[in-house]
Amino acid sequence: MTAAYEQASLFLEGASRNRREIVTPEGVPLPVEIATFGERATAFALDWFIQILATVLVYLFIIFAFFGSLGALGKNGGAVIVAILLLLAFLIRNVYFIHFELAWQGATPGKRAVGLRVIDRRGGPLLPTAVIARNLTREVEIFMPLGVLMSPASGSAVWENLSLAAWLLAFAFLPLFNRDRLRGGDLIAGTMVVVLPRRVLLGDLVERSARYHFTDRQLDAYGAFELQVLEELLRRPHAPDAERLRREVCDKISRKIGWRYPVPDADALSFLVDFYTAERAYLEREQLFGKPRTDKHHQRNPAAGEQSAKEK
Amino acid sequence: MTPLTLDQPGPASREPVLKSSEFRKGREAGWRDLEDLVGRVEKRGVSALRPEELQRLPLLYRAALSSLSVARSIALDRNLLLYLENLSLRAFLVVYGPRTSLLDGCVLFFRRDLPRAVRAARWQLLLAVTTLAAGAVAGFMLTLADQAWFAAIIPAGYGEGRGPSSTRAELMDHEIFAPWPGAAASFGLFASYLFSHNTAIGVLTFGLGLAAGVPTLLLLVYQGLILGAFVALHYRRDLALDFLGWIAIHGVTELTAIALCGAGGFVIAGTILFPGRHSRLDSLALRGRMAAEIAVGAAAMFFVAAILEGGFRQLVQSTALRFAIGGLTAIAWSVYFVTTAKEAPR
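Read top to bottom, the protein sequences are chains A and B.
For the first sequence, our numbering assigns the number 1 to the initial residue and increments by one for each residue that follows.
For the second sequence, our numbering assigns the number 1001 to the initial residue and increments by one for each residue that follows.
Since the hints were derived computationally from the structure, they do not count as laboratory data.
Treat the hints with care, since some could be wrong.
[Claimed, not checked] Pairs of lysine-lysine, DSSO-like flavour, derived with a Cα cap of 27 angstroms:
| hint | chain 1 | residue 1 | chain 2 | residue 2 |
| --- | --- | --- | --- | --- |
| 1 | A | K296 | B | K1019 |
| 2 | A | K291 | B | K1019 |
| 3 | B | K1025 | A | K291 |
| 4 | A | K291 | A | K256 |
| 5 | A | K256 | A | K296 |
| 6 | A | K296 | A | K252 |
| 7 | A | K252 | A | K291 |
Fair warning: this is a prediction, and the values are worked out from it, not measured in the lab.
Required output: the full structure, derived from the provided sequences and hints.
Here it is as structure tokens:
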């Protein structure tokens, strides 16, 4: 629908992210940007670190609180303590993920730091069941095999450890092997993880009292793509070489549209702003009349196409 | 909000009148308001909003969505379009975000979601129970014919000294009617059980449904074989009834949980083997949640089984009473799964 501004995004921001479209229950399609593997790994590492910290703190608290009474447990004391610690670690890690993803609309502290969100793949509401499912699957994917691998007492065969390691690696790198970067838990819960940057609404560039005026034929030289690249240039008035760029663009436009009067250096900015305003007004009007121009190569009709080809 | 005027006369290129600019002027205050509300919810949760703000939120959200739709067709301001898309998405996630807390979610899960999921998967559950039973019968027959099978079926260490060489008295004193070892040891038993072989098998049975259900099937047969082999071992020593009572007290719950894990695995396998009208991914997303609900329920049942095994098994020393407890748990689980949350639509 709005190919022009996606084209402009691609041109201005380099390689575009992996994008998907979800449709809200109101029927409006919204583009979402899929989180990369690196971002997800970073978020997971942060979460894991916080979790381990919390677990250690709880352990320390228990040790200090019940230090005296450990002897009362008798000969099975060691097993009991190991069991309590394992149970606590299990509870903390699952409650941590599930609680935050429910309370923070699909974000954990790690995800929030990186700017990620869990959403429903089909654009529906994120259900508590989905959150629980995607987090408990992590137990099977990562923590259970890790626990077996780490336990020193297992004494298991080498091939057993190798197959567990293969299992771990396969699940850890599963996101790399599908387009939506889905983890095993995402597959089962029907969720995906997206990047949610916070965009700011900048001022409107439109200038009311125009000093320069342009004809429709002059404005016909460009399309929406060029307009939006120009918008980006005007939105950064203090960039290092903005002044030189403005001068160049100003000269280029003058040549292209056949502007006969020289534009002094001091007026380059206001010329560009006026041109932007006029161009946008023209293109938006044309678009409303059902004649959108995506870029300068757009051919309105064969005759106009020949004309513009000659001008070049 | 000012109405959008689409039919303004005059040469627009001489005196630029930008509809998109007018449009923006009329609605910008609403967007800023929404941005503020959404920002606060993202930071401190829904409780950060006052009631009247909460009431305003969905209205502002729908207004932003309609602004986006209009802007897509009339505006060429790239910053405006990107901003509106971003704002709509953030507001969408807040408006349609999860509304339940962890506690409410748990209550709802056990009172509604779990029994429904189990009922929906009754054929898979039947398949799992049949497989388990077939394994048990096979294990019983094999070990009855030749006790060497016992060692072949039961992994080393799992038998805890029980085997073809055990005598009747040993089994009586050290296993079935062993004295209660005291609270600490019981708890140790409970806990070691919780992270033991059986739970791991249960989780694997479920997770390996992703591999088209074959490992699920094999693991279920194997669990059945183990049970059958133990029964045969005791049957040969004339202890079958006592052993069944010893098993029943927690086994009813535990075996149901294993069967549920298997059913969950079969649900997943079914979505992969027979995706129907959907793609495999969509079909997995549609029914994977149901499978996960069943697996979570099974995990909770393992927990109950662990309490029964660690706490009650050696405390109750009569076979009849053990059967009674086992029977009661069987009735309780059936009533729970069959009758809970039957009427209300989902």
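Right, here's what the structure says about each hint:
For the suggested pair K296 (chain A) and K1019 (chain B), the alpha carbons sit about 23 angstroms apart, so the restraint of at most 27 angstroms is met. With a C-alpha separation of about 16 angstroms, the suggested pairing of K291 (chain A) with K1019 (chain B) holds against the 27 angstroms cut-off. Note on K1025 (chain B) and K291 (chain A): the hinted pairing holds, with a Cα-Cα distance of about 25 angstroms set against a maximum of 27 angstroms. A hinted pair counts as satisfied when its Cα atoms are at most 27 angstroms apart, and K291 (chain A) with K256 (chain A) qualifies at roughly 22 angstroms.
As the CA atoms of K256 (chain A) and K296 (chain A) are separated by approximately 11 angstroms, the hinted pair is consistent with the 27 angstroms bound. With a C-alpha separation of about 14 angstroms, the suggested pairing of K296 (chain A) with K252 (chain A) holds against the 27 angstroms cut-off. Between K252 (chain A) and K291 (chain A) the alpha-carbon distance is near 25 angstroms, which keeps this suggested pair within the 27 angstroms criterion.
Of the numbered hints given earlier, the model fails none.
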